[in-house]
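Taking the hints as your guide, dock the two standalone chains into a single complex.
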Amino acid sequence: MEKSLIDLGSKAVEAAIKARADQAEALLNRTRHLTVTVEKGSVKNAYTVSDEGLSVRAISRGSVGFSYATTLETGSILATAKSAATQAKAGTPDPDFKSLPRPKRVPTVKGLYDKKTAEVDSADLLEIAVRIAESQKIDKRIYSVNSAIRCGWHQCAVVNSLGVECEDISTLVYAEGEAITKEKGEMSSSFELKTARNLSEIDPQKIGRVAANYALKSIHGKKIETAKLPVVLDSIAASLIFLMSIMPGVNAENIQYKRSFLCEKLGEKVGSDIFTAADDGTYLGGVGSLTFDAEGTPSRKTEIVRKGVLESFIYDSYTARKEGRESTGNAFRVVPGDMFQNYRGLPVIGVRNLVIEPGKGTIEDLISDVKNGILIRTTWDRPNIATGEFSGLIAEGYKIEDGKAKYAIRQTNIGINMIDFFKRIVAVAADSRQFQLPSRGPHCVISPSIMIEEAMISGARSEK
Amino acid sequence: MKDLLEHILEYGMNLDVEFIDMRVQDTAGTTIRAINGRTKQLIKSHNKGAGIRAFIDGSWGFSCTNNLDKGSLRKTAKTAVKMAKAIPQKMKHQFKLKLPKPTVASVEIPAKKRAADVPIDEKVKYVLALDKSARESSPKVVNTNERYSDGTGALVVCNSNGTYVETRLNVALAVVSVFAQEGGVRQQGFEIEAGTGGYEIVETERATELGVSAAQKAVRLLKAKPAPAGKFVTIMDPRLTGVFIHEAFGHACEADTILAGGSILEGKIGENVGSDVVTVVDDPTLEGAFGYFPYDSEGTQAKRKLLVENGVLKEFMHNIETASRMHVEPNGSARAETYQNIPIVRMSNTYISPGTWTFEEIIEDTTEGIYAMGSIYGYVNSAKGQFMFKPEEAYMIQGGELTSLLREAAISGLILEVLKNIDALGKELVIRDPGTCGKSLQGARVDDGGPHTRVKEMVFGGF
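Here the protein sequences come in this chain order: A and B. Position 118, counted from 1, in the first sequence is what my numbering calls 118; the numbers after and before it change by one each time, with no gaps. Position 160, counted from 1, in the second sequence is what my numbering calls 1160; the numbers after and before it change by one each time, with no gaps.
Just so you know, the hints here were simulated from the structure itself, not pulled from any lab data. Just so it is clear, CB atoms sit at the ideal spot from N, CA and C, and this is done for glycine as well. Among the hints, erroneous ones may be present.
The calculated label-pair distances, taken between Cβ atoms and stated as ranges, are [what the hints assert, rightly or not]:
#1 B:G1438 <-> A:E225: 29 to 37 Å
#2 A:G75 <-> B:K1132: 36 to 44 Å
#3 B:T1208 <-> A:K307: 46 to 54 Å
#4 A:K110 <-> B:G1438: 29 to 37 Å
One chain only, chain B, in its complex shape (with noise of 0.2 Å):
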């Protein structure tokens, strides 16, 4: 295999380009999903194929193929040199790359028990426990909802200057997700397990009681109110903290939409952006953690980088493209979702790091205001800097005290103001909030979380 991609990447810089890379996938998955006590579908997944890259004086072409022969293989290179050519000299805007050093390396993402060794029914029998376990929880449990999904294989990437790196993937993760009704009232509850690793992901306590807490979440939230409209003081757990830095701040960071002129946050390295109880970190090296990979999508090791420290803005996201024209060095940021896709810059696991609080000190020193947990999902507009995110519930706080039970709310605030609102962060630190990000079409699988988190004003879409 190495000989024969060593070949297509000579092949194609005789073709007369700057640089060529290459990422080839062989991966195969599993997923099961079961609705009500029975499984609804069983499916067995396999992608192969390659996607190869060229680059010329600041453009990109790019080709896949899913035909991992010699013939297709010369044949996609060939097309991927001609895209880059067909763009004009003055449609562009010109650029070296300054390649780091190659990197060889073969690496597998630790795996205790590979999902592709244990059997289907075995795979079955799990998802149908998670099911019956939602059920029986409660006699307002009106429909449940199961997927479990793994994925083995590998992941090469290879590069004209020499860099050639295979990771063999295991990841694996289970989602619940439960309806209940009492009289005209009906509410969902979600839980989620996912991590990088093998079976041994859905055999731990927390993987085996996903049906029954999203069944207590959703019977829960059936006398839950409404949450109200307008600006609180607001306290969010770990999870919440997670999809609410990523969403806040780690988009804004990410390099290739700073030179896309689409962040606020462009030329303010070295300013300060956040109260200076504030640190903000992106660390892909967190084994387990569903956005961990050792190397990136363009070979680069991965590595911990401090966005924000003390409150002061220290570091971008970068891939090779983005630190060359920014002067850095790549710091391991790039991913493409699969081999059709170009790696763009991306996050990994992403957290705000702790303070000095109990999570009992902030409530008691909250005279009014929202705690919410969990997290739905979020977006962002980095250029206008604003952004949203959705918890799961929320309590009031009233004289220091949680009183009612608050349903989902979008929760909206400013990047530049809302990192200088922190003003109490709890002391322990929690990353547990796997999810899918996506952006430009792609999607990633990230992880997030934070200690417990107080923003002195945010608004509420509430009724």
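So here's chain A without its partners, still in its complex pose (with noise of 0.2 Å):
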């Protein structure tokens, strides 16, 4: 029978108040996930990865010690706690340290596990990620077919020494095709993908024809010439540019610390008025939902921008202490690769579920109103977060010529300041998704498609 982690974590909290520190909180994981590799449409890897252990953070005179082991075995949490002790004693006090949370009453959140999907067997697993491959076959330039999937079982608990003691118990489902094309010589390549809580949502024909029919279009891709041009995003780029602006800008440290393109404009139009987007702990079926954050905070719901105006930040519970204010519940432990909180990542703040709100119609609604434009469907950049420029390459995108996407285009660039891209939001979309990427953690964005009224795009090809 495996022991209680709550059980466990307060063995820990003991052990690191007795060796000294001021306060403590452990964070246990276990994990289980079963992942399956298509590569050219055969089955390459299964494989199944089994995780426990826990960190330790340990307060004295406000310096923040941390420890983790890979190991819930009871001589090893002691240590663990023990060291975490230690740590802190070697580092100088921090009089902005006030305390760790206190206990609060978490709210129920609907959808977070799934029996079939915590269960489920490597056999079943194999036939999704054939069946995502092979409809992916769909016409004979469609040179190779890969695909992946991944079901996870996750147990976390939080316990601190001023008694918060909570346990959420979560699944998740990541699913991916790539499709690659060749003709003439010539390659490219797209993909879909698509993350749920519950390994019902995955439909792998969808995601197998939507991964291949955009190969097949971003093939033979153009180079265009350089111009300021309106911009389509489909909801996965929008949601990659709102997840690496939004979730560093509005990050409370990076505010205090003034490193943010968005320090000094709270409560400032940093948007268009159809721009409004909230960061919810609570979503149902949000792959970024739980009952509580990393530190045992309760999730919550906080709006960040409201019809274009910059209404709060987002805090872990020593950035919301510094202010005098409640935490928002948006600590967490990352580790790059991992989509669940895991005890051997470093604490940072981070959106739960972004979630812009969605307007009407769809993708193919924004293209039509665009005589000579762009549509992005990937951009894997990131903006500097101290300027706000953004500068990327358009991974896959397309031109519009009278409201028709078509054509793909290749070597293109885009250069954009964020406070302009939000500002120039003109349509919004209500084809929102969730999008989740296991290589940027556990956040989760949930967003339509967008119209951006003009934006630089470099090409290279030359002006006639």
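Here it is, written out as structure tokens:
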């Protein structure tokens, strides 16, 4: 019988206090995930990863020590707690540290866990992964089909010396398909992905077809001329840009230390009237939802931008207490590549489910309004957080002419300041979807497609 | 330990598979973060566990555990075999592994001063000194951030073919990020020093001046103009040349990507892919460099690889699987980030070999263009054949002279065009751009570099 994480956490906290920490906290995980990968249509790997461990945070005169170990064995728990207390004592005092969070009632959040997803076996996942790949083979120009599916089960508990004791059990599934095209020596590729709490939300045919259709559409990309153009961003591109700009931009640590382009902008207009964004840690079925954050603060909803006005930043307990306010429940422990809170991760502030308020219509409606412009499906870039300037490659994009996405573009970049980006949002569709990418951690964005009035588009083709 | 691991391999092989290998890790590390003159966090980490891989008929099963007792390891081996066997024959691309001769070795990454032996107080002192020097550099500095990390411990790779390699790890790094402000303008400067070795890595003059140089960069950039948009002749400093070659060419030479049908370089060995001044090397044997390793994560001895020689594509990077399938010898490019990961094909220290020009000659010879320096990050899509990377700062070049300072901008290029457009390479080779490269959700410590490099045209994502 596995021991209760809360009991083990209490032991760790007790040991840290005994080692003369002023306050202490333990974050404990048990995780399992099952992954299948398909390469060029054949199954390449089937694997399972089980992990358990804890990290202990000990405070001494405001100095914070952490220690983690990849085990939940009692002897190691005590040693880890002691080590955290030792680390804390070696640091400098921090008078800004007031206290770890006090216990508060956590909300009920439905849809975090699905039994079938937690107990899925490798045969079922193999089937789904192969179906994603198979459904990409819709044209003889499709040269290679790759896919992957990962199903995870996660148990996370936070215990602290002020009486916080909370535990969540959740499931997650991530599926992706990549289609590669080849014709007359030219290659291209595209992808589709889906994350959900519940395996039943994964539609392998849909993932495969979307990836294949975009891969076919993106073949024979053209170079274009440099120009200022209107830009339509599909839900994936919009989510990536919002995640990489809003998340660091409104992170209270970045604000307090004067790192962010959104410093001194609270209460000011930073976006157009149709731009509203909130962070919601309780969003139903949201892959960023849990009942509490990495410090045991209850999940909640925080309005970030309302009709273009910057309403709030996002806080953990340290940054909140510095301003004499409540934490917004945005503390995370992030390890790149892991979509769950991870005891190995450094504590950071991040969005849970960043929800962009939808408007109306579809992406086709947005495109049909553009005479000459660009459609972006993917950019992996991030803005400079200090200046707010975004300069990136359009990793997958199309030229829009006369209301239609006509052809793929290559070696084309985009440059725009993020505040201009927010202010130039002239249309918002109603096609929101959840977006979460393992490489970007456990943060989720729920955004529709949007249109930007104008951005600098630089191309490799010479002006005539 | 060795007896136990050999027992587990034998136990796994008796479950009727073709090949089994195992990675066992027992490493510890210290991280210290400071902000504005105070420590923010002091972190002690301990990672211990084993990952086991089983191969049957073209597919791999994998499982891992955090417990190194006999019972847990046997259970993990059994699960790995079960996973491999769960894959039906009809779902597989079948092939046989061609195993290289077994390697037996025990090595330590050389360290003059093992980080584990240095007291925490001394490390805290170093971090706070960096912070102080950054803050005192200029009144325009508004925020200073430092991170020091080290790692030590043992990594064992062993397999059912008799390979048993133990590597004792020593690695250290320090990074500083400084924010400066003047009026409404805000800027960031970043510096890093990292290498394989001991605490001596952060005791060099360069490492103790990271704070000052990051602060100077942030302050300097306050006066920088936005980069223009469009096509430009581009001269890159050695650091940017490094990230350029890593993204523009290195990834497309990874044989696992080739076999997945995802690289535009498939089938191009022996073909001309660049101008004849271009030679590209990936060399994990450069002791001290951040991407150094003596043996890879499959136990194959690391070796220098000539990816491109005088413009001709010569070699890809391989692990045991890709080498078997492409009928070549594995060349030591398999790397797994931790025991929880499957080894995949990775770069190490990647660079362009130097040419004959002095830096001054290159600039004087350039009527109009951009001189770009430092690197922030980059990425590539090897199937589409396009890549991007970002310099930290740049200068306009007008009439053979450096003029105005520019801010960061994304630079993009096409894999099959860009090496052909290199028309000048500097004399001096510098490999110093340590960082972490991400692929298939795994990070790998890498380094890169080259000489000053001129490319006839690249696209700037300016404003």
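Hints versus structure:
1. B:G1438 <-> A:E225: 29 to 37 Å: holds (33 Å)
2. A:G75 <-> B:K1132: 36 to 44 Å: Cβ of A:G75 to Cβ of B:K1132: about 40 Å, so the range 36 to 44 Å holds.
3. B:T1208 <-> A:K307: 46 to 54 Å: At roughly 50 Å between Cβ atoms, A:K307 and B:T1208 fall inside 46 to 54 Å, so the hint holds.
4. A:K110 <-> B:G1438: 29 to 37 Å: Holds: the Cβ-Cβ distance is about 34 Å, inside 29 to 37 Å.
When each numbered hint is compared with the structure, no violation occurs for any of them.
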